[in-house]
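J.: Spelled out, the chains give:
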Amino acid sequence: MTAIRVLVGTRKGAFILTSDARRNKWSVDGPYFAGWEIYHVKGSPADPNRIYASQSSSWFGQIIQRSDDGGKTWSQPGSDDKVDEMPQGGMPQGVSNKFVYDTSEETGKPLTTHQWYDGTQHPWEFARVWHLEPSLDDPDTCYAGVEDAALFRTTDGGVTWHELAGLRGHTSGPNWMPGAGGMCLHTIVLDPTNRDRIFCAISAAGAFRSDDGGKTWAPINQGLHSEYIPDPTAEVGHCVHRITAHPSNPSTLFMQKHWDVMRSDDGGDSWREISGDLPSDFGFPIAVHSHDPETIYVVPILSDSLHYPPEGKLRVYRSRGGSEEWEALTKGLPQEHCYVNVLRDAMAVDEADPCGIYFGTTGGQVYGSNDEGDSWQAIVRDLPAVLSVEVQTIR
Amino acid sequence: MIRVVLPFHLQTLASCDREVTVRVDGTVTQRSILDALEDRYPMLRGTVREHVTMKRRPRVRFFADGKDITHDSPDDELPAAIATGNKPFMIVGAVAGG
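Line by line, the protein sequences are chains X and E. According to my numbering, the first sequence is numbered sequentially starting from 1. According to my numbering, the second sequence is numbered sequentially starting from 1.
Some hints could be false.
To be verified - What follows is a list of derived Cβ distance ranges for each label pair: (1) E:R59 / X:A328: 25 to 33 Å; (2) X:H162 / E:R59: 25 to 33 Å; (3) X:Q377 / E:D72: 55 to 63 Å.
What the hints assert, rightly or not - In silico DSS-like cross-links for lysine-lysine, where the CA-CA straight-line distance does not exceed 27 Å: (4) X:K98 / X:K72; (5) X:K98 / E:K55; (6) E:K55 / E:K67; (7) X:K109 / E:K55; (8) E:K87 / E:K67; (9) X:K12 / X:K98.
Said to hold, decoys possible - Here are some chain E residues pointing at chain X (derived, C-beta under 7 Å): (10) V52; (11) R59; (12) A80.
Please keep in mind that the hints were generated in silico from the structure rather than gathered at the bench. As the structure is a prediction and not an experimental result, all values here were calculated from the model. Idealized CB from N, CA, C, for every residue including glycine.
Could you build the full structure based on these sequences and the hints that come with them?
T.: What follows is the structure in structure tokens.
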């Protein structure tokens with residue numbers, strides 16, 4: 001019996017939506033971590049009971065939460081829960097919310113500067129975890145993409161986090177700049193066919209690839225064209241919003257850039273535009289059909305100035321060939337007076353048959369489709385603004 | 001014992017009541033109270049003070065015996081009312097809204 005678990009991060013807590021494989025009736029649990037911003041919640045592919053959550057606050061900083069029972073209970077993996085007694089040895093255990101850039105001589109890189117909004121150089125400062133990407137085969141290993149842009153990894157279930165400093169220390173670092181949301185590393189794609197290959201994307205620096213498990217990195221932005229930077233074809237500086245790939249064909253990458261939907265068939269070495277007949281090629285999320293590596297989904301947004309759907313119509317667009325021909329998917333979605341946004345981490349697919357697709361909006365709706373996007377239902381309508389949506393297919 | 005009042009979100013994070021008590025040996029200061037608080041509730045490490053710099057987070061304020069001592073030196077000795085437990089040391093989330 002297959003079950004579907006949708007993990008939703010919002011501005012005011014996390015929610016878990018569950019259904020059986022028919023995906024018609026849903027239960028809604030939450031809020032978890034009420035009142036905190038939950039940028040991302042994601043389950044381990046190796047153990048569906050293991051879930052990591054990024055909890056943050058402009059007042060109280062970054063917290064990492066972990067569940068080992070599918071979201072029923074949570075704990076901070078680096079903290080001693082028995083607060084009435086001091087741990088043996090007198091000092092408490094380390095805490096899981098400690099993200100410190102690695103500047104050590106052995107494994108680190110010097111703490112340098114990056115471009116600031118006014119063109120000056122600004123020191124790297126940790127703000128929050130945007131994205132958590134659990135390892136494909138080890139529940140205790142998870143990657144974290146953070147603001148200011150850097151990649152961290154835990155190998156002890158989130159107790160401690162260590163920076164893979166080669167990315168932040170790339171020679172192009174001083175040319176990276178924050179997007180409107182901050183200089184965030186928001187996308188991490190792990191290659192299931194090559195454990196040493198990792199893709200990352202940073203706003204606004206671009207896409208990067210490591211072929212040695214995260215030690216060294218190279219920009220992979222050839223073919224991107226961005227009119228909003230002085231050199232539209234520069235090696236870095238592109239505001240990449242999201243990258244995705246199908247597990248069976250990870251050398252083919254799909255990208256939603258600030259403007260333009262892009263495709264690479266050579267692991268990011270080169271990109272070509274596939275925006276085609278979309279009503280707008282601005283947007284944030286992009287997803288691949290779980291059973292068809294050539295079918296992709298985007299949610300067009302009118303522009304970077306307006307951040308709502310064209311014509312007030314909320315439409316998911318599907319390309320069956322991963323190419324320039326797109327079809328609007330509207331059944332069950334509001335087709336008038338709709339001015340919500342769908343953020344970069346807020347769309348995901350399940351692995352049931354037919355493929356299910358889910359996305360959340362800044363208006364607090366989570367929509368789901370159990371038929372590859374042909375029709376949609378609002379699973380829940382009035383959550384806080386949705387920041388992220390991930391899906392687990394439980395077998 | 002020193003009484004410490006926590007803001008709502010730190011109460012939920014530490015699974016504790018609004019007011020907790022901690023023991024401070026030696027001079028009672030902002031720093032010694034926060035050290036004792038983080039020893040007892042390690043999940044609060046990094047939430048009131050940043051991990052590396054140990055500086056107060058910008059939107060956290062400290063009140064003691066009716067005074068805002070947020071910008072005082074963390075090593076200043078606090079009033080006797082705090083040290084004796086007659087009054088609580090208050091950790092407050094800065095007001096924001098709209």
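J.: Which hints, by number, does the structure contradict?
T.: 1, 12
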